[in-house]
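Put together the whole structure using the sequences plus the hints.
If you read the sequence shown in the working numbering, its first letter stands for residue 4, the second for the next number, and so on.
Everything labelled a hint here was simulated from the structure, so no lab data went into it. This structure is a prediction, so every number in the text was calculated from the model and none was measured. One or more of the hints may lead you astray.
Unchecked claim - Between beta-carbon pairs, the in silico distance windows are:
{"#": "1", "residue 1": "His14", "residue 2": "Phe61", "range": "30 to 36 Å"}
{"#": "2", "residue 1": "His42", "residue 2": "His18", "range": "33 to 39 Å"}
{"#": "3", "residue 1": "His14", "residue 2": "Ala57", "range": "54 to 60 Å"}
{"#": "4", "residue 1": "Val48", "residue 2": "His7", "range": "46 to 52 Å"}
{"#": "5", "residue 1": "Ala53", "residue 2": "Thr19", "range": "39 to 45 Å"}
{"#": "6", "residue 1": "Gln6", "residue 2": "Val48", "range": "48 to 54 Å"}
{"#": "7", "residue 1": "Leu44", "residue 2": "Phe15", "range": "27 to 33 Å"}
{"#": "8", "residue 1": "Pro12", "residue 2": "Gly52", "range": "28 to 34 Å"}
{"#": "9", "residue 1": "Ser60", "residue 2": "Phe35", "range": "18 to 24 Å"}
{"#": "10", "residue 1": "Pro10", "residue 2": "Leu44", "range": "42 to 48 Å"}
{"#": "11", "residue 1": "His18", "residue 2": "Ala53", "range": "19 to 25 Å"}
{"#": "12", "residue 1": "Gln8", "residue 2": "Leu49", "range": "27 to 33 Å"}
Glycine included, every Cβ here is placed at the ideal spot set by N, Cα and C.
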Amino acid sequence: MPQHQKPDPPHFNDHTALVLLFSLLCAIGAGFLIHAETHSLAMAVLTGGAAFVAAWSFWDRVIG
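Okay, here's the thing in structure tokens:
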């Protein structure tokens, strides 16, 4: 007789979606502002990446 297994929990829940959304918005905003001021794409990408990491940590603590 086959045993019924419980389905795996979703890997992408509401908490993750909100943290990802807010972090992306912060990263895009920071990158845009740096690019508008310095006209350096490399600096904008690096700033956006750093802002994404910092925002993820912040929003994960605030929402979670």
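Results for each hint:
1. In this structure, histidine 14 and phenylalanine 61 break the distance hint of 30 to 36 Å, their C-beta atoms being roughly 22 Å apart.
2. Separation of histidine 42 from histidine 18 is about 37 Å and conforms to the stated range, judged on CB atoms against 33 to 39 Å.
3. At about 24 Å, the CB distance of histidine 14 to alanine 57 disagrees with the hint of 54 to 60 Å.
4. At roughly 48 Å, the beta-carbon separation of valine 48 and histidine 7 lies within the given 46 to 52 Å, and the hint holds.
5. A beta carbon spacing of about 21 Å between alanine 53 and threonine 19 contradicts the range 39 to 45 Å that was offered as a hint.
6. Look at glutamine 6 against valine 48: about 50 Å separates their beta carbons, and that is inside 48 to 54 Å.
7. The hinted range of 27 to 33 Å is satisfied by leucine 44 and phenylalanine 15, whose Cβ atoms lie roughly 30 Å apart.
8. Separated by about 29 Å at the C-beta atoms, proline 12 and glycine 52 satisfy the suggested range of 28 to 34 Å.
9. Taken as a hint, the range 18 to 24 Å holds for the pair serine 60 and phenylalanine 35, whose Cβ atoms sit roughly 21 Å apart.
10. Evaluation of the 42 to 48 Å hint for proline 10 and leucine 44 yields a pass: the beta carbon distance comes to about 44 Å.
11. Separation of histidine 18 from alanine 53 is about 23 Å and conforms to the stated range, judged on CB atoms against 19 to 25 Å.
12. Separation of glutamine 8 from leucine 49 is about 45 Å and departs from the stated range, judged on CB atoms against 27 to 33 Å.
Of the hints listed earlier, those the structure fails to meet are numbers 1, 3, 5 and 12, in rising order.
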